[in-house]
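Dock chain B against chain A, hints included.
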Amino acid sequence: MSDGGQQLCGGGTCKGLCGGKGFETLKDGAWTSNPLAIQVLGICSALAVTNRLENSLVMGAALIFVCVGSNLFVSLLRKHTPHRIRMIAEVAIIATFVILFDQFLKAFYWDMSKQLGPYVGLIITNCIVMGRAEAFALQNPPVLSIVDGFANGFGYAVALAVIGACRELFGSGEILGYKLLSATWYEPNQLMILAPGAFFTFGIVIAVFNAIKGPDEEESK
Amino acid sequence: MSETSAIVILIAAVFTNNILLTNFLGMCSFIACSGQIETAVGLGTAVTFVMTVTAMINYAIYHFILAPLNLVHLQFIVFIAVIAAFVQLVEMFIERFSPKLYFALGIFLPLITVNCAILGASLFMINRNYNFVQSVGFGFGAGVGWAVAIILMAGLRQKMRYSNIPQPFKGVPIAMIVTCVLAMAFMGFAGMVSIQ
Chain A
1 MSDGGQQLCG
11 GGTCKGLCGG
21 KGFETLKDGA
31 WTSNPLAIQV
41 LGICSALAVT
51 NRLENSLVMG
61 AALIFVCVGS
71 NLFVSLLRKH
81 TPHRIRMIAE
91 VAIIATFVIL
101 FDQFLKAFYW
111 DMSKQLGPYV
121 GLIITNCIVM
131 GRAEAFALQN
141 PPVLSIVDGF
151 ANGFGYAVAL
161 AVIGACRELF
171 GSGEILGYKL
181 LSATWYEPNQ
191 LMILAPGAFF
201 TFGIVIAVFN
211 AIKGPDEEES
221 K
Chain B
1001 MSETSAIVIL
1011 IAAVFTNNIL
1021 LTNFLGMCSF
1031 IACSGQIETA
1041 VGLGTAVTFV
1051 MTVTAMINYA
1061 IYHFILAPLN
1071 LVHLQFIVFI
1081 AVIAAFVQLV
1091 EMFIERFSPK
1101 LYFALGIFLP
1111 LITVNCAILG
1121 ASLFMINRNY
1131 NFVQSVGFGF
1141 GAGVGWAVAI
1151 ILMAGLRQKM
1161 RYSNIPQPFK
1171 GVPIAMIVTC
1181 VLAMAFMGFA
1191 GMVSIQ
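Chains A and B supply the protein sequences, listed in that same order.
Note that the numbering used here has the first sequence beginning at 1, numbered continuously upward.
Note that the numbering used here has the second sequence beginning at 1001, numbered continuously upward.
Looking at chain A on its own, in the form it has when it is part of the complex:
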């Protein structure tokens, strides 16, 4: 599980930083070790659903919900889960919350559910959720785990919203249906909505994040 390994080291540094305080945990998840921009976890869905801001927001909400729910239950059960089968237990808990959200979308927001398609289900394999359960919730009490789940979900949602807003703005010249770049001088760049635009925007966003944060201690390959 090299993904698991990555998450473990990500969680390791985080654990050192949080030291058990709620606010620290919150700041850590949402900014200093933002799951998407710094740890680069869970990018599959981040790229797929960000062609419009609306989709990004729903996906962000889904992730917050699943992260909080699964962190809470993994944490509650952490003393009763045998170490050997903890992975499958985590997956089962996460899948349950994903199913709940999927059913909710299908019942109340059918159009949105249609648009997101299989990507809702793919939250199960989103490394962030699994990573937080494995690295944080297994060692920490329920309340703190909820905070951590929320912080990471929130960090992810913010990053998604930024990417989604950029792509929608440059791809169609509007955000959430409001025309911002007028068609008289701006020719919408369809490429931003298509796949290459996702990769490009995401690359730029991480680069900007890196530039703000300053040089990274871990040297890239």
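To be clear, the hints were calculated from the coordinates, so they are not data collected in a lab.
Heads up, some of the hints might be wrong.
[Said to hold, decoys possible] Derived contacts from chain B toward chain A, CB cut-off under 10 Å, selection only:
hint : residue
1    : 1028
2    : 1032
3    : 1073
4    : 1078
5    : 1084
6    : 1119
7    : 1126
8    : 1169
9    : 1183
[As the list claims (entries may be wrong)] Listed next, the stretches of chain A that the computed footprint assigns to chain B, with coverage defined by at least 3 CB atoms under 8 Å from CB atoms of chain B:
hint : stretch
10   : 92–103
11   : 113–125
12   : 196–202
Ideal placement from N, C-alpha and C gives every residue a C-beta, glycine not left out.
Just chain B, lined up with the frame of chain A:
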């Protein structure tokens, strides 16, 4: 849709609808394991194999167990369990019968459980109402497409090690930009064949 032949679906899944470059699935291991060509080939092979077989198993489970019993909403949890169990099984099998292959593929197998491309392929197959033959074609094609993309990327990244990249772009950002160019190149195949 349902008349599209499996061969067309296979070709489309490799080129025009590449699961990585157009559907963004399997990005985590794509970024993490595209450092070297040998690694990429090993992982690509393992993914292709697991994807083909799990597409078949999940097809059977969905249409013969979940659908008749009206348990479709449980598909996520069932699919992921099937994938995890199958990967475990394959790992034990290979370890027992071909230690050589085990050492070549061994470390990549557990990785595959968390590869969203595998679960994604099964979900797409259900979403698009493929029949059994089409599902096999799609599973195999998607696997090959993923392997092609990661091997290409590994080749590019090996070259990139010697180029002078601005500091903030080092690592993941430049990988994403290269992937963007790769995705654009693959868009050139569009129109060759098409599935939705």
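Hint check results:
no., hint, in the structure
1, 1028, "holds (5 Å)"
2, 1032, "holds (6 Å)"
3, 1073, "holds (6 Å)"
4, 1078, "holds (9 Å)"
5, 1084, "holds (7 Å)"
6, 1119, "holds (5 Å)"
7, 1126, "holds (8 Å)"
8, 1169, "holds (5 Å)"
9, 1183, "holds (4 Å)"
10, 92–103, "holds (count 7)"
11, 113–125, "holds (count 6)"
12, 196–202, "holds (count 6)"
Checked against the numbered hints listed earlier, the structure breaks none of them; every hint is satisfied.
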